[in-house]
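K.L.:
Sequence:
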Amino acid sequence: MSSWFDGAEFPMFDEEPRSTSVSRHIPTYYGIQYTHAGRFFLSVNGAPEEWHAGPSVFVTHPGAFFHYGVALGETRHMSYLCGCGPRFERYAEAGLLPLDGKAVPVSDPAE
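Reading the sequence shown from the start, the letters are residues 1 to 111 in this note's numbering.
Rather than coming from a laboratory, the hints here were simulated on the basis of the structure.
Mixed in with the good hints there might be a few duds.
For each label pair, taking beta carbons as the anchor points, the in silico distance ranges come out as [said to hold, decoys possible]:
hint, residue 1, residue 2, range
1, V104, S21, 16 to 24 Å
2, I26, E50, 17 to 25 Å
3, S79, R24, 13 to 21 Å
4, E49, D6, 35 to 43 Å
5, S79, S43, 18 to 26 Å
6, P62, E16, 17 to 25 Å
In the SDA-like style, the derived pairs of lysine to any residue whose C-alpha atoms are separated by at most 25 Å in a straight line are [said to hold, decoys possible]:
hint, residue 1, residue 2
7, K102, M12
8, K102, L72
9, K102, P27
10, K102, Q33
11, K102, F65
12, K102, Y34
13, K102, C82
14, K102, E89
15, K102, Y29
Using N, Cα and C, we set each Cβ at its ideal position, and we do this for glycine too.
My request is simple: use the sequences and hints to build the entire structure.
P.N.:
Below, the structure written as structure tokens:
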């Protein structure tokens, strides 16, 4: 049996093609938040909201307050994968999960 996921738990994951959600929380685990299409805002630790458009990705993590979502009447196509455990902590320590609270555009490698 592979040990690839030893030390990793995945408490939440989903895809929401027409999400209208707005989140305000301090996460208890790491979250890879991917927006495929649509606009969204992101604020970390009370900083001014910054607007982004998909495709883009950001990481939520313990120890910071995140406020993000869509404007009233809009939707976004989003997916997320949330994880915790020693393996995710090592990913963060190694820089594989950026903890700067910035949304990063995702480019199409075919372009």
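K.L.:
Which earlier hints turn out false for this structure, listed by number in ascending order?
P.N.:
Result: no hint breaks.
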